[in-house]
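As given, the protein sequences belong to chains U and Y, one line each in that order.
According to our numbering, the first sequence is numbered sequentially starting from 1.
According to our numbering, the second sequence is numbered sequentially starting from 1.
Rather than coming from a laboratory, the hints here were simulated on the basis of the structure.
A quick note: this is a predicted structure, and the numbers were derived from the prediction, not measured.
Hints may contain errors.
[Stated by the list, open to error] Partial list, computed: chain Y residues near chain U (C-beta under 10 angstroms):
{"no.": "1", "residue": "D48"}
{"no.": "2", "residue": "V61"}
{"no.": "3", "residue": "L187"}
{"no.": "4", "residue": "A189"}
{"no.": "5", "residue": "V193"}
{"no.": "6", "residue": "L197"}
{"no.": "7", "residue": "G266"}
{"no.": "8", "residue": "L291"}
C-beta: ideal position from N, C-alpha, C; glycine also.
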Amino acid sequence: MKIKRSRGERIFSIFNYLFLTVLMIICIYPVWYVAMASFSKSNLLTQHFGLLLKPLGFSLDAYKKVFQNPMIMRGYANTIFILVVGVTFDLVMTSLGAYFLSRKRVMFKRPIMLLVIFTMFFSGGMIPFYLNLKDLHLTNSHWGLIIPFMINTHNLIILRTSFESIPDSLVEAAQIDGAGHFTILVKVVVPLSKAILAVMILYYGVSIWNAWFWASAIIRTREMYPLQVILREILMQNDVASMSAGAGASDAEAIGMSIKYATIIVATVPILCVYPFLQKHFTKGTMVGAVKE
Amino acid sequence: MNKRSFTYRIRKDWLRNKALYVLVIPVLVFYILFHYKPMYGAIIAFKDYTPTLGVAKSEWVGFANFTRFFNSIYFGRLIRNTISLSVYNLLFGFPAPIILALLLNEVRGKKFKSLAQTVTYLPHFISLIVVAGMITDFSLTTGLFNDIIAFFGGQRSPLLQNPKLYRSIYVSSSIWQEIGWGSIIYLSALAGVDSQLYEAAQIDGAGKWKQLINITLPSIAPTIIIMFILKTGSLMNMGYEKTILLYNPATYETADIISSHIYRVGLLEQDWSYSTAIGLFNSVINFALLLFTNKMSKRYSETSLW
Numbered sequence: 001m002k003i004k005r006s007r008g009e010r011i012f013s014i015f016n017y018l019f020l021t022v023l024m025i026i027c028i029y030p031v032w033y034v035a036m037a038s039f040s041k042s043n044l045l046t047q048h049f050g051l052l053l054k055p056l057g058f059s060l061d062a063y064k065k066v067f068q069n070p071m072i073m074r075g076y077a078n079t080i081f082i083l084v085v086g087v088t089f090d091l092v093m094t095s096l097g098a099y100f101l102s103r104k105r106v107m108f109k110r111p112i113m114l115l116v117i118f119t120m121f122f123s124g125g126m127i128p129f130y131l132n133l134k135d136l137h138l139t140n141s142h143w144g145l146i147i148p149f150m151i152n153t154h155n156l157i158i159l160r161t162s163f164e165s166i167p168d169s170l171v172e173a174a175q176i177d178g179a180g181h182f183t184i185l186v187k188v189v190v191p192l193s194k195a196i197l198a199v200m201i202l203y204y205g206v207s208i209w210n211a212w213f214w215a216s217a218i219i220r221t222r223e224m225y226p227l228q229v230i231l232r233e234i235l236m237q238n239d240v241a242s243m244s245a246g247a248g249a250s251d252a253e254a255i256g257m258s259i260k261y262a263t264i265i266v267a268t269v270p271i272l273c274v275y276p277f278l279q280k281h282f283t284k285g286t287m288v289g290a291v292k293e
Numbered sequence: 001m002n003k004r005s006f007t008y009r010i011r012k013d014w015l016r017n018k019a020l021y022v023l024v025i026p027v028l029v030f031y032i033l034f035h036y037k038p039m040y041g042a043i044i045a046f047k048d049y050t051p052t053l054g055v056a057k058s059e060w061v062g063f064a065n066f067t068r069f070f071n072s073i074y075f076g077r078l079i080r081n082t083i084s085l086s087v088y089n090l091l092f093g094f095p096a097p098i099i100l101a102l103l104l105n106e107v108r109g110k111k112f113k114s115l116a117q118t119v120t121y122l123p124h125f126i127s128l129i130v131v132a133g134m135i136t137d138f139s140l141t142t143g144l145f146n147d148i149i150a151f152f153g154g155q156r157s158p159l160l161q162n163p164k165l166y167r168s169i170y171v172s173s174s175i176w177q178e179i180g181w182g183s184i185i186y187l188s189a190l191a192g193v194d195s196q197l198y199e200a201a202q203i204d205g206a207g208k209w210k211q212l213i214n215i216t217l218p219s220i221a222p223t224i225i226i227m228f229i230l231k232t233g234s235l236m237n238m239g240y241e242k243t244i245l246l247y248n249p250a251t252y253e254t255a256d257i258i259s260s261h262i263y264r265v266g267l268l269e270q271d272w273s274y275s276t277a278i279g280l281f282n283s284v285i286n287f288a289l290l291l292f293t294n295k296m297s298k299r300y301s302e303t304s305l306w
């Protein structure tokens with residue numbers, strides 16, 4: 001059934017498209033600017049004012065400097081290690097928890113659920129958390145960035161809700177065949193939850209890739225810094241002098257700018273490549289009302 | 001009788017679900033070790049914590065750390081800054097994704113809608129370091145923001161050094177980063193609205209506006225209320241990460257909030273007990289706020305977290 005639209009509706013529609021287009025430009029332009037600046041010739045960039053629609057000249061010098069920088073490459077390697085190991089641990093632990101909380105007729109499910117949910121609303125705070133990591137000898141180690149963050153309670157609740165929607169009959173059929181809980185989890189539940197698990201990989205992956213605070217708090221050895229902490233040094237503390245070494249003083253500043261932008265692109269592109277493919281599953285990852293039994 | 005049947009039930013439950021409880025042990029250990037142990041550790045707020053003595057053996061000092069905070073010259077400023085920043089964030093940041101979702105919901109072209117979603121989600125995935133780096137760079141006297149200001153005839157100035165502009169920069173960049181992502185939850189609520197309601201309303205001659213007021217908003221109200229409760233529950237819980245990246249001594253006057261203060265006093269100056277006390281004070285107020293809004297919502301709208 002198609003109902004003819006009134007004139008007011010058509011006008012609204014035009015403004016709506018217009019507004020959304022402007023919003024899209026605002027959302028994407030800063031990234032576009034940074035990308036274009038990173039490909040620009042650095043001497044032209046410092047003289048340029050205002051918006052950039054395309055690179056000023058074309059130069060990959062900034063990227064050469066970035067890839068020659070041992071610290072950035074080191075940070076990349078560290079982040080990839082933490083990411084691969086971390087996401088694996090996160091998925092295993094979150095699945096175990098979600099599987100338990102999605103079972104029916106389990107006596108201590110409710111108290112355990114309360115124990116879990118309470119942590120979403122109350123915490124001991126930053127300092128006791130830090131002192132605890134010190135107590136457990138997790139400072140100055142990559143494990144300190146993996147183990148204490150294995151389960152994100154939001155993700156756990158989302159995954160539980162998804163596991164709950166798997167028909168009981170499938171689980172019972174497996175039980176009749178003599179399968180234990182671990183087998184059911186691995187052979188029945190996980191294969192039926194591929195989409196939500198992909199979303200979990202993305203959520204955990206992005207949060208590990210972008211994490212910097214605890215790394216900067218607990219890691220003292222520079223060689224162990226993840227990418228974001230290196231990035232912070234370069235972006236916020238203007239530590240580009242060492243990278244532009246060899247250039248004259250005024251060139252150093254000019255090169256510094258484009259190095260900054262190139263670093264941003266190098267550190268951001270991996271994530272921007274992944275998320276559009278998972279976009280259609282995002283609505284599965286919302287959890288309003290999911291806390292309620 | 002009752003007691004025996006309880007132990008009987010436990011035994012039966014154990015026989016039935018033994019394997020399940022074994023599976024959940026690592027999860028429980030995780031929560032105890034990384035959530036409940038730090039909560040226990042927070043008792044150093046009432047002690048004079050010395051690392052060599054540990055949590056248990058350090059000396060009790062009662063509420064001394066709390067009174068020190070209440071009497072500190074920073075107390076008023078921190079509370080004021082935390083609440084102002086939160087309220088601004090709530091006032092502007094809360095309706096933004098709802099409006100975006102409503103607008104997206106009106107778009108008929110499927111391709112345009114999906115493109116608009118992909119593009120507006122993008123900033124959510126950019127790391128805070130990069131966002132803060134861009135803001136810092138664009139705010140320089142020679143930066144992009146100033147280029148735009150100058151283009152419209154304004155005066156160039158280092159924007160991030162200006163305490164008056166700090167909150168606007170903080171809040172607007174947060175909206176930029178989260179508007180698209182925040183709209184997902186409302187879009188999924190909107191997708192659940194029965195389309196027959198709209199058809200019936202159109203037959204009754206109700207225009208778009210009337211449909212919005214009488215059908216759309218009431219349908220997604222529970223989602224809005226839940227999100228609102230969650231937001232107010234974290235009113236005092238403004239994240240420290242972005243603050244630490246954006247503020248500097250020139251803007252402390254409006255920028256320094258409770259959590260960034262804890263970071264400086266605790267992690268940087270290592271005043272463990274005092275900073276823990278500030279954190280505990282903050283957590284308790286937050287939790288009370290959450291309980292309060294949840295209760296109010298339960299009473300007046302029958303929507304609540306639990």
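### Task
Return the numbers of the hints above that this structure violates; sort them in rising order.
1, 2, 5 and 6
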